[in-house]
Amino acid sequence: MRKSPADRKAQLLARRAALAERMTSIEVELDSHQNRDWEELATERESDEVLEGMGVAALAELRMIDAALVRVDAGTYGQCARCGAEIGDQRLDVLPFTPFCRDCAALSD
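Using the UniProt record's numbering, the first residue of the sequence shown is number 1, and each one after it goes up by one.
Check before you lean on any hint, since a few could be wrong.
[What the hints assert, rightly or not] Label-pair distances were calculated between CB atoms; the ranges are:
no.	residue 1	residue 2	range
1	M54	A10	23 to 29 Å
2	E27	S4	31 to 37 Å
3	E29	A85	38 to 44 Å
4	D73	L95	16 to 22 Å
5	G75	E27	33 to 39 Å
6	M54	Q79	28 to 34 Å
7	T76	E27	32 to 38 Å
Keep in mind the hints are simulated off the structure, nothing from the lab. Here the structure is a predicted model, which means the values were calculated and not measured. Note that the Cβ used here is the ideal one computed from N, Cα and C, for glycine as well.
Can you make the complete structure from the sequences, with help from the hints?
Now the structure itself:
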């Protein structure tokens, strides 16, 4: 059953809220590392690099979600930005922020 634009928008907004919460947690965790023991400092630095990578990925997904929300409001959500074809429900279920149909996404890879 095809989800309505309102359902898709609610899904995107929920994911956006979860990502924003995750980013806040990452920032708090990064700010909390103040250990001065060299061994622990090295371990914390590795952990910080992982957390920073997670934050970058979350920020990129937030940007894609924001772009998808613009498409919902414009009435173009679910249409491929490259070829104009309808993006399948299965693809939107997995990647609700995707601007491309499966075929066009494969061309980009």
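Against the structure, the hints:
1. M54 x A10: 23 to 29 Å: holds, 25 Å
2. E27 x S4: 31 to 37 Å: holds, 35 Å
3. E29 x A85: 38 to 44 Å: holds, 42 Å
4. D73 x L95: 16 to 22 Å: holds, 19 Å
5. G75 x E27: 33 to 39 Å: Given about 35 Å between the Cβ atoms, the range holds.
6. M54 x Q79: 28 to 34 Å: With a Cβ separation near 31 Å, M54 and Q79 satisfy 28 to 34 Å, so the hint holds.
7. T76 x E27: 32 to 38 Å: Distance hint for T76, E27 holds at roughly 33 Å.
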